[in-house]
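Guided by the hints, dock chain B onto chain A, whose structure is given.
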Amino acid sequence: MTQLKVLQVEDDLDIQEIARLSLETIGGFDVLQCSSGAQALEKAQDFAPDVLLLDVMMPEMSGDVVLGHLRNLDGLEKTPAIFMTARAQKPEVEELKSLGAIDVILKPFDPMELPGQILAALDRA
Amino acid sequence: MMKSLQSFAPLVARFRIIAVGLTVPALAVVANNSPLFISTPLLPVLNLSLLGVLLWVGWRMLAKPRQALSLAEEVAYQLKALNSHSIVSITDEKSRHIFVNDLMVRSTGYSREELLGQPASLLYPESGQATYRMIRATLASGRSWSGETQLKRKDGSLMWTRATIVPQFDAMGRPVRAISVRTDITEIKIADADRNMRQSLHQLRDEVYMFDRDTLRYRYMNEKAMETSGWNEDVYTTKTVYDRHGVDFAIEFLDRAKPLLDGTTGELNPEIEIKGRFKEVNLQLIESAGGSARFVAIVRDISERRALEKNKDNFISTVSHELRTPLTSIKGSLGLVLSGAAGELNDKAKQMLDIAHRNTNRLVLIINDILDLEKIAAGRMEFHFEKIDMRDLISDAVHANEPYAQRLGVELQCLGLDRAVTGYCDSDRIFQVMNNLLSNAAKFSERGGKVIVSLSESEDDVMIRVQDFGAGIPPEAQPGIFERFTQADSSDRRAKGGTGLGLNIVKAIVESHDGTVAFSSEVGVGTTFTVTLPKQGRVAKEDTEGAQQIAAE
Chain A
848 MTQLKVLQVE DDLDIQEIAR LSLETIGGFD VLQCSSGAQA LEKAQDFAPD VLLLDVMMPE
908 MSGDVVLGHL RNLDGLEKTP AIFMTARAQK PEVEELKSLG AIDVILKPFD PMELPGQILA
968 ALDRA
Chain B
66 MMKSLQSFAP LVARFRIIAV GLTVPALAVV ANNSPLFIST PLLPVLNLSL LGVLLWVGWR
126 MLAKPRQALS LAEEVAYQLK ALNSHSIVSI TDEKSRHIFV NDLMVRSTGY SREELLGQPA
186 SLLYPESGQA TYRMIRATLA SGRSWSGETQ LKRKDGSLMW TRATIVPQFD AMGRPVRAIS
246 VRTDITEIKI ADADRNMRQS LHQLRDEVYM FDRDTLRYRY MNEKAMETSG WNEDVYTTKT
306 VYDRHGVDFA IEFLDRAKPL LDGTTGELNP EIEIKGRFKE VNLQLIESAG GSARFVAIVR
366 DISERRALEK NKDNFISTVS HELRTPLTSI KGSLGLVLSG AAGELNDKAK QMLDIAHRNT
426 NRLVLIINDI LDLEKIAAGR MEFHFEKIDM RDLISDAVHA NEPYAQRLGV ELQCLGLDRA
486 VTGYCDSDRI FQVMNNLLSN AAKFSERGGK VIVSLSESED DVMIRVQDFG AGIPPEAQPG
546 IFERFTQADS SDRRAKGGTG LGLNIVKAIV ESHDGTVAFS SEVGVGTTFT VTLPKQGRVA
606 KEDTEGAQQI AAE
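Chains A and B supply the protein sequences, listed in that same order.
Convert by adding 847 to the 1-based position in the first sequence; the result is the number in this note's numbering.
Convert by adding 65 to the 1-based position in the second sequence; the result is the number in this note's numbering.
Be a bit skeptical, because a hint or two may be false.
Straight-line distance between alpha carbons at most 20 Å, and here's what the computed SDA-like set of lysine to any residue pairs gives [unchecked claim]: (1) B/Lys377 with A/Glu939; (2) B/Lys217 with B/Leu187; (3) A/Lys937 with B/Lys377; (4) B/Lys289 with B/Glu317; (5) B/Lys323 with B/Ser357; (6) A/Lys937 with B/Thr390; (7) A/Lys937 with B/Val384; (8) A/Lys937 with B/Leu187; (9) B/Lys375 with A/Met904; (10) A/Lys937 with B/Glu374; (11) A/Lys944 with B/Ser382.
Negatives, chain A to chain B, calculated, CB over 10 Å [unchecked claim]: (12) Glu864; (13) Arg918; (14) Lys925; (15) Glu942; (16) Ser945.
Think of the hints as simulated: they come from the structure by calculation, not from any bench.
Treat the numbers as computed from the prediction; the structure is a model and nothing was measured.
Positions of the beta carbon are idealized from the N, C-alpha and C atoms, including for glycine.
The following block holds chain B by itself, in its conformation from the complex:
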């Protein structure tokens, strides 16, 4: 009813005005021409009153349609406010857009024509299709849906919205339409994520810094960084790396950061010392959306770790010193007595002292081996890699073992030393390896036998073979050959000397070179050990993780 009134209201209003306008003069004419006309002074008053009454009645009748009009204006006014704030769309029973407001058009980047008639699912990204289906199901069951959804713009970018979607039904209860009212919360989401990240960073024990690539001005410091620098957010945003550490530091920083700046590398991990504290830095350069680039530095204080490592070092050093000092006296005095420096010895005495002297030598070797293994296990064995002519190393090792081999009546032969072979290794440690293999080979050879050492190379590797023709390693002993104190041949080993640690160390050293050591053996025929060392080798590292593992096994 209101609706029909609304449409005719303007016409009715005009009619009434005209009606009123005509009535008054009409009455006046009638009154003038009627026999009842009384020429009294009251007539004008009567006319005016009548006019007044008629006008009042007319006014009231006009007022009614005017009320109906302001309600429409009211709704239009509210709609305008809604449309300025919210993204509004209406879909039909098939979920196709039948109305989209201006903000929807602006936010999604589609034109009105592109949206109308299209299903609402067009605006949901792949990841949001399940949510979309859930929304439709909720609406179909007669309920409104409220929640957060992601919408995909025409250009493919995503936005977060908070939406309330209300269904409408016909008299039969069938879904007819749904109206969606959304707010763009993308900015809030970003701010939230940002805040979460900042909160997480604040909890880190490491210092986190972000500063401009060009000006080195600080953009961000986490709690730990603010604590260390003594600057809060108001202060650090006005400071640069120059202010914090001085010009010299900044210049050196920029110099060391060159590989990041020119794109050679994505990440640097320098270790620096600041005010007596040792720090490990992870440094990266990131490009942010606005095109401004920033350094991100995560700084970890490793002073304690360093101190601990130094203590470990000291411990190993101290233990070695403490063990070797008394051994010096034992070995020294026995050696002197045996040399006759304290006078002539009878045979029995000599025999006993010989045993003692031999075993102090063994003790020294065992201590050396244990300390080597301790170093490897603690990751403290230092390797000094260099390019060398392997021939020198081989001939040195053979030369060093010749006296020993001679005593056992074993001949040492060399092959492949005619051409230069360049390898990349720690010569002292590989010498140690050769020593071990050669002494083993001689030890397990028969008197009158020989040991052949051969050097060869492939494109990538250098190979050293030590072959003996002795007893060979029994099959049951072979699996554990590189382990410590293998019992397989212990009686033999003890008789022939040896610490039981040699091959374990050999393997650890070779593998620290990224190389391999292997053997083949047959009882009654002999044994061949092959050491393969890559020519490229690894860049000299201070620690030995791979060797650590073997030593720990």
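Bound conformation, chain A alone:
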């Protein structure tokens, strides 16, 4: 069974570490992590992810802007995207969904549940 390829863009290195453990060890996913939108734009096409996991609040380029740029890359126009954010007010969640994300996962997330949440979101989409 081919591994699910997850491209995560997250600026907090600690969260990156936890997410990687969660996604690789528990989820069994193939994970590429980038610390910024710029980095992601460089590496995304070569990696050819199945799903994008994007932090929203990042310096320089926020997650929604990153998504916009990624969508312009060949092969990534329709890649499912999931936002991760600590900004959890309902209107903000709605707004993120309206930007084309299939789901919004709130922080703090449960590393035990994260892989399951991603799969569930992909199922629903």
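Leaving out everything else, chain B in the frame of chain A:
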């Protein structure tokens, strides 16, 4: 003396002329028939001189009564001028009118007959009776009175006058008459009031506009409005709303003003954006005396307030983000270690890490609660009201709490879910309420016990009851049950978990729905919480003033 002379003057004058006229010929006849008659050339001269002297004397005598006549004419002339300008009346010792001039008749609307013989107080309105009495008292003391009074016309309308009233006395010093001379100053008063109002309006920080209903032409702008529009009085009176904001704006304005135009509502308070500034408008339609209707718009710039609110929003959002980010790492890493992802753990280590993990969860909940309360207190909690079948909400909440209840060995039961019950609420927030009540109920139940959730309705309300059969709330703890961090049962609470904020938030949310939350409890028997939500509910509002109050307490 002058008076008697005046009356006989015309007769005396005629007598004198006749006398003179007779004297001359008489003298001439005497002179002709007398023996002294001298046929000299001087006789005609003598006759003429005599005639001249007699005429001169006669003329002088005639002149005197003529002088007396022009004085009367003089007074009559002055009276005429007075009567054209002033309202004049004379009252007797009992204050009854004995003379009223034409202007008085015209101004008051009464006929002469209606005024004569009537007391002057007839013309004073209710509010002016005290002034009237004061005037009479002043006159009785021998002094003239001067001041402003309001008079009531026959048709009931009021007019303002400036009056001077002068008393007259007889030889014994008793008041005999009083003469009132008044000027109608109603127009001046109106102009004054108008000017005062305009001055006040000019000092307002808000822009004030008045424009015709039909043409949308500006009739009035206060200082602030003139400043904002850049038009002074000479200019704005020639301009319309179309000129100022364009046709599209004007069309939309008329559309939005429809409820005012058709009388559905008396006042509108739209918020508009003009050139990047946010404005709050109070708009009314007034009918003015002449029958022309005008819009009155008071416009307040709320751009700064908006910016401040946005900052508050950002702050709350930012704080929540900043707190939750490190918590993500703490909770995440602990969770992973506990799951064995980092290797086998000895019991002691597991125990310690369990404590740490549990408390990070608590921390997350506390942060959520604090941020909720902050939102409510700042009036920034948004509610999205909708009609829903309450059964779904209840069963969802019960379902969500079942794992927790099971862990505690408590059974959750539902009643009243057989029929549809339509409520009007923010389902997420009421879910939050249910969560809180259910988790509390389970928490304070004994192992093996049960919690009953029942849904019912009356004509106007929906009622949700959460009943537990646990320890109950001791009487001394009951008054403060909805307050924050109530200490009554703190040891118990800490042992059983909880933030101490839950019921405070529950109350705030329920009251934002115009509902109520109440409880009854008995130690050793159990506790029942009842949430009552009106079916009509309030129209969805963005702010939460009522909840603000509770949160602030």
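Hint by hint, here is what the structure shows:
Between B/Lys377 and A/Glu939 the CA atoms are separated by roughly 15 Å; this keeps the pair inside 20 Å, and the hint holds. With a C-alpha separation of about 8 Å, the suggested pairing of B/Lys217 with B/Leu187 holds against the 20 Å cut-off. For the hint linking A/Lys937 to B/Lys377, the alpha-carbon distance of about 17 Å falls within 20 Å, and the restraint holds. Taken as a hint, the B/Lys289 and B/Glu317 pair is broken in the structure, with Cα atoms around 24 Å apart against an allowance of 20 Å.
Taking the CA atoms of B/Lys323 and B/Ser357, the gap is about 17 Å. The hint holds against a cut of 20 Å. Distance hint between A/Lys937 and B/Thr390 is fulfilled; the C-alpha atoms sit about 18 Å from each other, no more than 20 Å. As the CA atoms of A/Lys937 and B/Val384 are separated by approximately 16 Å, the hinted pair is consistent with the 20 Å bound. With a C-alpha separation of about 72 Å, the suggested pair A/Lys937 and B/Leu187 falls outside the 20 Å cut-off, and the hint is violated.
Under the criterion of a C-alpha separation no larger than 20 Å, the hint pairing B/Lys375 with A/Met904 is consistent with the structure, at around 17 Å. Distance hint between A/Lys937 and B/Glu374 is fulfilled; the C-alpha atoms sit about 17 Å from each other, no more than 20 Å. Between A/Lys944 and B/Ser382 the alpha-carbon distance is near 18 Å, which keeps this suggested pair within the 20 Å criterion. Not every Cβ of chain B is farther than 10 Å from the Cβ of A/Glu864; the closest lies at roughly 8 Å, contradicting the non-interface assignment.
In this structure A/Arg918 is separated from chain B by more than 10 Å, as the shortest Cβ-Cβ distance comes to about 25 Å. No Cβ of chain B comes within 10 Å of the Cβ of A/Lys925; the nearest lies about 29 Å off, and the non-interface call holds. Every CB of chain B lies more than 10 Å from the CB of A/Glu942, the least distance being 12 Å, so the non-interface label holds. No Cβ of chain B comes within 10 Å of the Cβ of A/Ser945; the nearest lies about 15 Å off, and the non-interface call holds.
Checked against the numbered hints given earlier, the structure breaks hints 4, 8 and 12 and satisfies all the rest.
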